[in-house]
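Chains A and B, in that order, give the protein sequences. If you're matching positions, the first sequence starts at 1 in this note's numbering and goes up one per residue. If you're matching positions, the second sequence starts at 380 in this note's numbering and goes up one per residue.
Hints are supplied without guarantee of correctness; some may be wrong.
Unchecked claim - Lysine-lysine pairs mimicking BS3-like chemistry, simulated, CA-CA at most 25 Å apart:
#1 A:Lys157 with B:Lys664
#2 B:Lys490 with B:Lys505
#3 A:Lys126 with B:Lys664
#4 A:Lys360 with B:Lys694
#5 B:Lys630 with B:Lys647
#6 B:Lys395 with A:Lys126
#7 B:Lys625 with B:Lys689
#8 B:Lys541 with A:Lys338
#9 B:Lys468 with A:Lys13
#10 A:Lys134 with A:Lys208
#11 A:Lys89 with B:Lys395
#12 B:Lys408 with B:Lys630
#13 A:Lys62 with B:Lys441
#14 B:Lys502 with B:Lys468
#15 A:Lys200 with B:Lys468
#16 A:Lys157 with B:Lys694
#17 A:Lys268 with B:Lys536
#18 B:Lys630 with A:Lys112
It is worth saying that the hints were derived from the structure and are not from the lab.
There are 2 protein chains.
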Amino acid sequence: MELEKLSINVRNKSLKYLSQYGTVSYINKNSIINNSNIILKKSKNKIISPVIKADGYGMGAKALIKTLIECGYKSFFLGSLSEGLEIRKKYKNVELFILNCGQPLNITYLKKYKLIPVINNLKDLKLWSQYYPKKDPCILHMDTGMNRLGINLQELKDLSDKDYLKNINIKFIMSHFACAEDINNLMNKTQLEELLNCSKVLKKICKKEIKTSICNSSGIWLGKKYLLDIVRPGAAFLGINPILHKKNPLKEVISLYAQITQIKEVKKNDTIGYGRTLTIKNNTKIATLSIGYSNGLSRLLSNTGDVYIKNKQLKILGRISMDLTVIDISIFNSDEVKNGDIVEIFGPNRSLEEFAKMNKTIPYEILCTMGKSNPKILI
Amino acid sequence: MELEKLSINVRNKSLKYLSQYGTVSYINKNSIINNSNIILKKSKNKIISPVIKADGYGMGAKALIKTLIECGYKSFFLGSLSEGLEIRKKYKNVELFILNCGQPLNITYLKKYKLIPVINNLKDLKLWSQYYPKKDPCILHMDTGMNRLGINLQELKDLSDKDYLKNINIKFIMSHFACAEDINNLMNKTQLEELLNCSKVLKKICKKEIKTSICNSSGIWLGKKYLLDIVRPGAAFLGINPILHKKNPLKEVISLYAQITQIKEVKKNDTIGYGRTLTIKNNTKIATLSIGYSNGLSRLLSNTGDVYIKNKQLKILGRISMDLTVIDISIFNSDEVKNGDIVEIFGPNRSLEEFAKMNKTIPYEILCTMGKSNPKILI
């Protein structure tokens, strides 16, 4: 990040965080708004309920929901009851859908905080029907092949006692794609058809139209017929590429930085860090950085990863420590780098997607892992 | 965890957390006290300053320090200024040593919160001497071969202007082992000797005895001569094995649990989860668990890891999702498991060390990664 391009306020806050925490992460609000506009266009006037589970993919559900409410969204999916409560405390009038309401189904809690449950099995549905006939809405989760959570078509068909379903206020039914990021995967169509069949069966039982939802972020890119009534993008707001092996149509949102804590020279045959896993071949100038595996720089990157200073790619030397990492800065002259200089982990020089690949994982896991340990600034 | 063995209070809190967060982590206070007693004995009356950096290795520095103060400790090492402030707010009378004080050295902040800096380079030392001649104490970090942070012996010897050192209140000098967990590694002795040489050089300059410290947790197990004046155990309090390839002399402290969210049957040729990475060979009973990579169950364990229910080891099926994981529970009869049943990730059936091995990393990284996402109960 070129600090000079940031406002004085953000600049001062950045320096404070780097000094006090060692790291700073930026969440680019304009990029979220840009991505929101792309999602709106792709979703063709369907209802959009953003997903901000796992504390907004580690980025802070509270910060995210504020921006998303400004973008005009009125209903949100959260991962757990605790996440629902956290948001409800501050936002009284948004609809909050809870993906996992715990076992046993916590009806008192749902009622108290006006949280709308996503119901995953018939037992919970029956329980809900006894407490909430026709009154408060719920969402039914159908399992169309993910084999993770949800009720499947056969279970619906096999129901001996179907009448109680008429007394439930089903807001919509939803399912979850297994392979939505792979646009050519035949499973997507199979799952869509299965959900539509569930909807037909329920329509017969309940004698009313049942709304449907199957698209996560990637689903929205599968084409118009998949959009159904409600779409549920999450990662797309954060700029995570929704399409496998294609150029990311979204703008990067998140970037992560640390600072140089110390610069020193090491000599030929010196070793670096824990376990002495690296022996230096030539006299080398090294910098120790204020970031380690506790801030999201995975230990997997020991001796293999790299970071950026002044747009130059610099190798990680030795094992990554808990909150420190050593890199090779021999390419710089002594007047070019100094203690306190800012170091890019991912950002303008490397996308989150590329950083995730280097970590042998997906962007989601990077965000969830690094999110909670680093102070964040919405810029 | 056998919930029945816990107090009613803890039991109710556990059920609440499992229902609302999906997970619960226990920190066993008696085990910490047990480990503290072992550390005290091994440290032979030297001063012990516990390290609780990276938010107490992810376990919550505030909860840890409370127990450690009860054990009688009066000074602590923290990773950053922000951690120092967090603890200082609550504890006014403990000594807090800050390992990374940020760049540039934040003297105002150190002064305001009575934080004692660990000074890593000569430039910062000079700055400190100008602001704090003889007054407030500091700790000098010597680099004896870790090549990460610290001043080295040669730098001390080469100092042209040595007089300012006399005016600094050096509480002690410290260094950090690169290979302390490997009791046979010759580097340990080399580093010890280097630190003692630094101490001699400083003694000459400052014309007074200089206290020394080199032992982290593992160092304490290297033998009496390594103990010096102050030892700095951290992970040992949390039961992390201090000695490579030997039986852990400490008690396990941390355990992690989730709950069963749903049970279902899948058929031959069905696939599980994202990307359909697993095709089921025979009809199988599966359970979906309320934990995923955002709670510390790394995506690396997809299709390879396992968990425990009722002391039975159960395979993870398909890819681990953000907050859900599917396992094979075919070995159980239908009356043996139900929604809401508790699932051990690590605990009585598998140590943190074994779990870390399964994750191809070290216990420290597991704790830092899982720590912040899971509610914790001190039991």
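Exercise. Hints the structure violates: just list their numbers, smallest first.
Key: Violated hints: 5, 7, 14, 15, 16, 18; rest satisfied.
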